[in-house]
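Trainee: The lines below spell out each chain.
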Amino acid sequence: GAVVSQHPSWVICKSGTSVKIECRSLDFQATTMFWYRQFPKQSLMLMATSNEGSKATYEQGVEKDKFLINHASLTLSTLTVTSAHPEDSSFYICSAKAPSYNEQFFGPGTRLTVL
Amino acid sequence: RKEVEQDPGPFNVPEGATVAFNCTYSNSASQSFFWYRQDCRKEPKLLMSVYSSGNEDGRFTAQLNRASQYISLLIRDSKLSDSATYLCVVGGTSGTYKYIFGTGTRLKVLA
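The listed protein sequences correspond, in order, to chains A and B. Heads up: the first sequence runs through residues 433 to 547, numbered per the numbering used here. Heads up: the second sequence runs through residues -15 to 95, numbered per the numbering used here.
For the record, the hints were derived by calculation from the structure and aren't laboratory data. For every residue, glycine included, the Cβ atom is placed at its ideal position computed from N, Cα and C. Be aware that one or more of the hints could be misleading.
Said to hold, decoys possible - So the derived list for chain A, only partly shown, Cβ under 8 Å to chain B, looks like this: (1) Gln474; (2) Ser475; (3) Pro540.
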């Protein structure tokens, strides 16, 4: 149990376009989902915490108007990178947490390349 | 000072060796502690939670020292398949479920 999926697994886009990444908890209801970003040879950095039915909480330095997060249901959160630029190229990973679990379960990640 | 600090390595060890990784954290209010394993270009996977009493899972032993704000992971009888990056993760600060990741320690087990 506790499987989290992400879609797409990789995406290449042109500078200026917007990209939507989906994160789904497949076999549990996730009241809280997290979005991370990982640049090469660096660790995961938390971007925002997403609670179902409420606005996401962004970490310092993360632009909420650029990284739009929607957590419309207990099994789905989406991250939209608006007007993507090459510096947004990164590995985006989501995780999900259910009330009954003490840990976060991670999705397989989405590799974004902006040309 | 980083919130979670690890030696980035790499640690190159022969098969069968015992290797230990350390991690320190800065926030004494942290409540939960984990070791995750991350393979190249993959998501992190939970290796084990870490408790003050220490815990063991097969060849892996984790320890937490709250007084020194220090976490360790010991791997015995290293296998080639243990080659990965090991991430120290601290969470539960300020009543949140947020995780703070260390930069990871790279391990390469050599044949």
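Trainee: Decide, hint by hint, whether the structure agrees.
Mentor: Verification of the hints:
1. Gln474: holds (7 Å)
2. Ser475: holds (4 Å)
3. Pro540: holds (5 Å)
Of the numbered hints given earlier, the model fails none.
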